[in-house]
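Asks: Residue numbers (our numbering), protein chains in the order written: chain A, 1 to 155; chain B, 1 to 125.
Hint data in this document are derived by calculation from the structure and do not stem from the laboratory.
Given the structure is predicted, the values throughout are model-derived calculations rather than measurements.
Note that beta-carbon positions come from the ideal geometry of N, C-alpha and C, so glycine has one too.
Heads up, some of the hints might be wrong.
To be verified - Over 12 Å on every C-beta distance to chain A, these chain B residues come out as not near it, computed from the model:
(1) Thr36
(2) Gln73
(3) Leu117
As the list claims (entries may be wrong) - Label-pair ranges, simulated between beta-carbon atoms:
(4) A:Glu53 with B:Val58: 24 to 32 Å
(5) A:Thr55 with B:Asp98: 29 to 37 Å
(6) B:Asp95 with A:Gly96: 47 to 55 Å
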Amino acid sequence: MMSMRMPSLNKVLITGNLVDDPEARLLESGINVANFRIASTQSYRGRDGEWKEKTCFIDVVAWRRTAELIGEFLRKGSPVLVEGELQTNSWQAQDGSQRSRIEILARRVQFLQKERAASESPDQGPAPARAVRREQEERSVPSEAPEDDYDDIPF
Amino acid sequence: MTDTGSLDRPEVNYCVFTGRVIRREGLRMTSGGYFTLVFFVENTMDRGREADDRETRVASNTLRVISWGRSAQALDDKVRVGSEVLVEGYLSSLDYEDRSKATHHRMEVTARSVQVLQDPDTSRP
């Protein structure tokens, strides 16, 4: 029997809407970082045969250019599709206890908000802070990890 | 980029990862009569080599996984501490209160499928 290496795999794909404006900031190192939480809703059929919805709240972190664009274009209510990987963020709480949480390290964030037509009132629907610039047709922006290369070396 | 008219909200929630089981709880039954099995998987990702090529950087994450129903019962026999697993599922979250009544938010993976790729007893080369 052929002996196999253990595959190293960590991928997540999720859609949702921002539950609040993203927190985007520039670190002292000059790297941009953005944190936001999305509400992701799934439909399922319950035991009674009726369709129901369940919503979960997922924390996302993005870096560099992706973080910059998130801070510029996303607001509370913005729909997004996030591609990335699961990571654990650990910290020490004020009471001294060790806390950790799972979050998504976003590799790519697609902005799903459709541009408003010129005839639409700016008060309708969730409003981004500013309109997407015409030269920025591409809304999915690949992200860069903070310290490592994106391409894993397989051997 | 495709631009359609009115589009239904897409529902996508999928994750897949591999790792080693580092802790597991016993099979339990909820008040609603469902079996659950909770275990923790340490996922390790290679991050390439340092510039001087001396060592490979590794990112390690501990992920909480919950399995329900018949899957939980089946996994109770198969998943052990040290098992290497491949988990497919979706993200879920819940808010809970600790003993001091502080509210915490927790994310976990609800497993749709768990493959045991290697038992802990199997000797590794």
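Asks: Please list, smallest to largest, the hint numbers that this structure does not respect.
Replies: 3, 4, 5 and 6
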